[in-house]
Amino acid sequence: MAPLTLEQRDRRTAWMLLLPAVLLLLLVFAYPIGRAFWLSLFTKNLGTELQAVFSGFTNYGRLIGDGRFWQSFWATIVFTTSAVILELLLGLGIALVLNQKFFGRDVVRTIAILPWALPTALIGLAWAWIFNDQFGVVNDILLRLGLIRNGINWLGEPALAMVALVFADVWKTTPFISILLLAGLQSISPDLYEAYSIEGASPWQSFRRITLPLLMPQILIALLFRFAQSFGIFDLVAVMTGGGPGGATEVVSLYIYSTVMRYLDFGYGAALVVVTFSLLVIAVAIVSFLLSRSSHTKHSGAA
Amino acid sequence: MARLELKNLNKTYTPKVIPVKDVSITVDDGEFLTLLGPSGCGKSTTLRMIAGLEQPTRGQILIGDRDVTYARPGDRNIAMVFQSYALYPHLTVYDNLAAGLKLKKTSADEIKRRIGEVSSFLGLDESLMGRKPGQLSGGQRQRVAVGRALVRRPTVFLLDEPLSNLDALLREHVRADLKQLFATQGVPVVYVTHDQTEAMTLSTKVAVLNNGCVQQLDAPQRIYSNPANQFVASFVGSPQMNLLTLRCQGREAILGDHRIPLPQQVSHPPQRVVLGIRPEDVELARSQETQTVQGQVFLVENLGMHNLVSVRINSSQGEGTNLRVLLPADQTWGHQEITLALPPASIHWFDADTGESLLRSQRRESLVGV
Amino acid sequence: MTTISNSQPIATSQPSRHKPKMTWRSILLPIAVVLVALFCLAPVLWQLQTSFKVNQDISAVPTVYFPTRYTLSHYIELFTRRPFWRYILNSAFVSITSTALSLAIGAPAAYALARLRPRGEKIVMAGILIVTLFPGILVFLGLLEIVQVLHLGNNYLSLIIPYTAINLPLTILVLRSFFQQLPKDLEDAARVDGYTIVQMLTHIVLPMTLPALVTTGILTFIFAWNEFIFALTFITREDLKTIPVAAAQLGGSSAFEIPFGPIAAATVLGTLPLVLLVLFFQRKIVQGLTAGAVKG
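So the sequence lines, in the order shown, correspond to chains C, Z and A.
Our numbering puts the first residue of the first sequence at 554, with every later residue one more than the last.
Our numbering puts the first residue of the second sequence at 77, with every later residue one more than the last.
Our numbering puts the first residue of the third sequence at 1169, with every later residue one more than the last.
Keep in mind that the hints were calculated from the coordinates and are not lab data.
Please note that the accuracy of each hint is not assured.
Restraint-style ranges between C-beta atoms, simulated for each label pair [what the hints assert, rightly or not]:
#	chain 1	residue 1	chain 2	residue 2	range
1	Z	133	A	1320	35 to 43 Å
2	Z	138	C	568	25 to 33 Å
3	Z	138	A	1364	19 to 27 Å
4	C	606	A	1320	24 to 32 Å
5	C	762	Z	134	52 to 60 Å
6	A	1320	C	762	41 to 49 Å
7	C	760	A	1320	29 to 37 Å
8	C	591	Z	136	33 to 41 Å
Straight line, CA to CA, 27 Å or less: simulated DSS-like cross-link-like pairs of lysine-lysine [what the hints assert, rightly or not]:
#	chain 1	residue 1	chain 2	residue 2
9	A	1352	Z	180
10	A	1352	Z	181
11	Z	97	A	1290
12	Z	188	Z	208
13	Z	188	Z	83
14	Z	180	Z	208
15	A	1352	Z	178
16	A	1352	Z	208
17	Z	92	A	1352
18	Z	97	Z	83
19	Z	208	Z	178
20	A	1221	A	1290
21	Z	208	A	1452
22	Z	188	Z	178
23	Z	92	A	1290
24	A	1452	A	1352
25	Z	181	Z	208
A virtual CB, placed ideally from N, CA and C, is assigned to each residue, including glycine.
Bound conformation, chain C alone (with noise of 0.2 Å):
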């Protein structure tokens, strides 16, 4: 038999560098979710007595028919697509922004990192104090330009907490879209604007034709990590609102967490973690069939 070649003694090598972390990642992340499948077969609840008792797709029934899972994950659409779409749009905007050269322009990148780099627990404390109801700024600001009476009950009132939360997410994270699509903007070569321009054509033009076209990837992908860390949201709701008033903002992850924690439903816990789960590699595949797509587009036309 041939002495092994450097080659296959390379590549038996490689895998012991690599065994390590994928053994991890496979323990932390593929077994908990092939768990869950499993689980979610079975019920194991305070009614039997927390033993495993398999039941087919019995969880799968009463998750159609459960009123509370389907009003939380509208909530959680709520607030993800609002959410998604102002951090979007914000941060492009201040990417825009930071993208011209002006004095002062890293202290601005640092303040701009800080929203993103903080805790989302404290924050979401901060931001629960803000809109505080007695002694928030928010309303105290609102009271002193005359615009309210009477003091908002910004986390009492359902539609106004959810607003509250977008309004929380949206400066957590806008800096950092905002960072990440200037990264892309900078990419993008001068010279582009400068021949669209002496064709005559206006910076709106510009913006349309060049800018979006070469940006759509980065958006793409900010997009998506946007969109899968905004549907798991926990932190900042179970702080600021904790899912109320009256469950109205109660996000998906929430319920299965109070499911799993206070109500000690596991088997049904599984079954939520499983439709949670699907709705995502849906969602994400969709985002990345777009995504190739444009990227195709980006080699073939940019210079």
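Place chains Z and A on chain C using the hints.
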């Protein structure tokens, strides 16, 4: 002692990408072999296979009768000088030189001794030892790279275009230094370059490669004077050799209005030949010459010591054939008639279809190597 | 005669840059910049101020923007009534350990994926990219079971291991793109010198990518410090809690006695290390993020 043998080396990446098709070469102690060729000819890949950085798909590599084809680079006892020098940026010059020796568990004293020897040999001052590569000049870095190889006392030296990152003036100096240096080492040296001047001045043997195959393996002088095929003829020699594709009638090649007889040794003249003659071998016709051609000068390029004169050969058929001739600069030329002599001894004949030399196939003398 | 090619260079006319928008831009731009900066700093600054206000000023209506008196009582309370210094220690320990582990496991893996070409490379890369998108809630259930079975509740390990795993994808992606940019020659020279792959990693490659390691380390530290859901669930003993959880639970669930002062102080202390990190390493952080994101 230690002889380097390459036997039928082949490297295939995909069915369409085969950088090295079939290379067989032997390099003995004290020989300096240059792998010469254009980019993509397979010379670097061959070198990397000798080093063990690539694995051959087929073939064998033997160093002193030991089969190292599948051995790790570190186990082959070779040393390599890279085009970019590849000095470890975070280590001092001393540590760079010592790196390979430390891995072989050489004693600290021995390391110090060898480094001392090599640095005085190369003119590397003590003060440089504590510096990092980033703080050295290009020439200094090059010497450290060579030093790193010398210190290892390897069985084979490999050099991958070590001069290409130096500016032209420095290159000449270093070339001379390298020649003297390796003359004293006594082990096989394999050198890769696309620069024919380096190949000609440094080597004892040159292997001209093209398309993954050895076109000719010979001493530098014979590569120049007896190219085995059209490719070698056109690659070596500056200005480039004139290569004229001509029809044959009987035993004569038709050049414009002139007929040039093929030499005796060519037993089966083909339909078409390529006549090769270097610009420096073409002469101004003197009165006694019988084999002459006539033409019109249409371009003169001043090269300092010479003029490179381009001549269009007269042809009543309207075939345009151009001949370039290197003439002394003391005579100026305008658009005028000129008569040139083509000394038969300086003419190289090639088969127009295969590119092979028509003369060498009859005269297999100095083919060196396996 | 030497034939020379004669051609006059065609004068290229550049359109003169339009200047009229300059004034419009020079006014709006600074304003926009200032707005952006304020936008980002506002909540943090507000908490900062709140943390030094006396309780009467905190609960004053209308809000006091320029208090005349300050107090350190909230901070003192944090350290006397509650073991805040323990929270800091816990957060620091867990963050640093998981960062170190993440780098130790992620760097070799990133190298293997960058240079060697292991079989199944594409699957591994795809898996890593997909995993970056998982929200914590999805793995929380399965991990909870493991923690319960192994009695890892209230054990640092229950946090360190998940944090390391969650940081691995980013670590691997960022380091991989850094490794790919290293000149290959150095690794070739090392192999000729006789370094094995592992030796090459430790002696040559890693020292050269120190900046990348620092960058990645900072990113993983930030994540670990901020993490909430696992810290909330797996650690219930008061003296083992990390800062985000401890601060959130300062308020308790009762709506009456909410200690806004101490909460603000906790927020400031909890964010201070990160603010310092960002201040000093801003450029590296952005580099790391964009390297990871662009390659993804």
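To see whether the hints hold, each was checked on the structure:
1. Z:133 x A:1320: 35 to 43 Å: violated, 52 Å
2. Z:138 x C:568: 25 to 33 Å: holds, 31 Å
3. Z:138 x A:1364: 19 to 27 Å: holds, 24 Å
4. C:606 x A:1320: 24 to 32 Å: holds, 26 Å
5. C:762 x Z:134: 52 to 60 Å: Holds: the Cβ-Cβ distance is about 54 Å, inside 52 to 60 Å.
6. A:1320 x C:762: 41 to 49 Å: Because 56 Å falls outside the window, the suggested range is violated.
7. C:760 x A:1320: 29 to 37 Å: violated, 53 Å
8. C:591 x Z:136: 33 to 41 Å: violated, 55 Å
9. A:1352 x Z:180: Holds: residue 1352 (chain A) and residue 180 (chain Z) sit about 23 Å apart, inside 27 Å.
10. A:1352 x Z:181: holds, 26 Å
11. Z:97 x A:1290: Given pair residue 97 (chain Z), residue 1290 (chain A) is violated - Cα atoms ~30 Å apart, limit 27 Å.
12. Z:188 x Z:208: Between residue 188 (chain Z) and residue 208 (chain Z) the Cα gap is close to 18 Å, so the pair holds against 27 Å.
13. Z:188 x Z:83: Violated: residue 188 (chain Z) and residue 83 (chain Z) sit about 38 Å apart, past 27 Å.
14. Z:180 x Z:208: holds, 23 Å
15. A:1352 x Z:178: Holds - the C-alpha atoms of residue 178 (chain Z) and residue 1352 (chain A) are around 22 Å apart, at most 27 Å.
16. A:1352 x Z:208: Holds: residue 1352 (chain A) and residue 208 (chain Z) sit about 19 Å apart, inside 27 Å.
17. Z:92 x A:1352: Since the Cα atoms of residue 92 (chain Z) and residue 1352 (chain A) sit roughly 25 Å apart, the hinted pair holds (cutoff 27 Å).
18. Z:97 x Z:83: holds, 11 Å
19. Z:208 x Z:178: Status holds; Cα separation ~18 Å.
20. A:1221 x A:1290: violated, 56 Å
21. Z:208 x A:1452: With a Cα-Cα distance of about 25 Å, the restraint between residue 208 (chain Z) and residue 1452 (chain A) holds, given a limit of 27 Å.
22. Z:188 x Z:178: Roughly 11 Å separates the two Cα atoms, so the pair holds.
23. Z:92 x A:1290: holds, 23 Å
24. A:1452 x A:1352: Holds, at about 24 Å.
25. Z:181 x Z:208: With a Cα-Cα distance of about 23 Å, the restraint between residue 181 (chain Z) and residue 208 (chain Z) holds, given a limit of 27 Å.
Consistency note: the structure conflicts with the earlier hints numbered 1, 6, 7, 8, 11, 13, 20.
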